[in-house]
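A.B. asks: Just so you know, the protein sequences line up as chains S and G, in that order. Here the first sequence is numbered in my numbering, starting from 1481 and rising by one per residue. Here the second sequence is numbered in my numbering, starting from 372 and rising by one per residue.
No lab work stands behind these hints, which were simulated from the structure alone.
The following label-pair restraints were derived from C-beta to C-beta distances:
(1) G:Lys395 x S:Pro1612: 21 to 27 Å
(2) G:Asn499 x S:Pro1612: 20 to 26 Å
(3) S:Glu1545 x G:Asp416: 21 to 27 Å
(4) G:Gly554 x S:Gly1566: 25 to 31 Å
(5) G:Lys553 x S:Ile1497: 51 to 57 Å
(6) S:Gln1554 x G:Asp502: 19 to 25 Å
(7) S:Glu1611 x G:Asp431: 40 to 46 Å
(8) S:Thr1555 x G:Pro476: 36 to 42 Å
(9) G:Asn443 x S:Gln1554: 45 to 51 Å
(10) S:Gln1554 x G:Lys418: 35 to 41 Å
Chain S side only, calculated, beta carbon under 10 Å to chain G, not exhaustive:
(11) Ile1543
(12) Glu1545
(13) Ala1560
(14) Leu1564
(15) Tyr1596
(16) Gln1598
(17) Leu1599
(18) His1604
(19) Ile1605
(20) Gly1607
(21) Lys1608
(22) Pro1612
(23) Arg1613
(24) Ile1614
(25) Leu1615
(26) Pro1618
Where is the CB? At the ideal position from N, CA and C, for every residue including glycine.
Listed below are the residues making up each chain.
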Amino acid sequence: MYIEVIILAIILALDTIAIVILFVKLFRLKSRPITDSESRTTFLASSYSIRKLKKRYLVFSIISEGNVNKDRIQTSILRAMSKLYGEPFAYAAQPTLIFYDEGRKLGILRVRRESYSQLMASLHIAGKDEEPRILFVPMKTTGSVKKAREIIERLKPDL
Amino acid sequence: MYLVDAYVRPAKAEDLPAIIELEKKFGYKIVGVDDRFFRHSFNTDVKIFPVRVISAKSEDEAKSLLRNLSKNEVVIAQAKDVGALRTFSKDRRANIIEIPPKLSPYLDRNQAELFSVGKSMIGFNASNLIDEPRLFWWLSFLTSYAERYALHIVVYSGARRFDEVIHPKVVLNMLIQTGVKKGRALMIIGMSRLEEILKKKASAQI
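If we strip away everything but chain S, and leave its shape as in the complex, we get (with noise of 0.2 Å):
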């Protein structure tokens, strides 16, 4: 009799207590407030499990006659993608010029995974428009940026 009651209490214990670390839980996620390093997607990705937006890195070197400056490497890549795609793809594609080496000549290009494929195929009409044309050679695409920046260190100066 005793036992019944020893084991009946405990189940309600235990119960009580994922009740309460339940609502805490959800008390929590509503109250949290969207910081500025963390996007409203991430955090709703995180809350309602919606798939994270993810981004590829494309790593390039580029072949020309005179140098090129990072911003020229920006805005033409963002004119080839809106050449063959429209202005309203190409700014959803979020292409964004995170690192260059301007004595190796060599960079870092993230761009959204759904449209890694269209920035690939607009390489090839990108910097042509003005003097010194440029000649985007992709090398090597991966997920993180630290594995970007590792195959940037690893490559050799002539490539």
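Mind docking chain G on chain S? Use the hints.
C.D. replies: Chain G only, in chain S's frame:
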């Protein structure tokens, strides 16, 4: 299967070594060079072959141009008119046929049968995209047409300068963007059909 760039046409003869060097760096094994620049000898691992380009505005002009061709040349025929297109596509001497977008209404089943008779391939010069990016729809149209009627299609750089050489990964993604599946896109880049033609031409020369 080797990577093949079927046609480059440098603006100046001095540009050709730089183009060939870049093609080698990108992994191309076979490169077609415009026959006007072919005589220059290169010390390179890349196999180069001469390509002759002919262009006709009418059926008669197409016939007369074809008469002057030898069987050992790889020929890219640019059809500017429907008569020229019909003539080129049924003739085995024209290996690759470039079609302008204005002839799209004539690309039907009958035309596809003519391509099969002539065993010719549809060609697309990627350097045209640099001048006119809107032609991307035309590449898309040609790939879907080739897929529907089981025809061969070739995409080549047509590079006039070293910066117009196209990387194989870029070609692959361009083809994927036109709706071609990755396996078929790889086959198009590999161009086994062009390899066959080159072997035949080489054996004919011997």
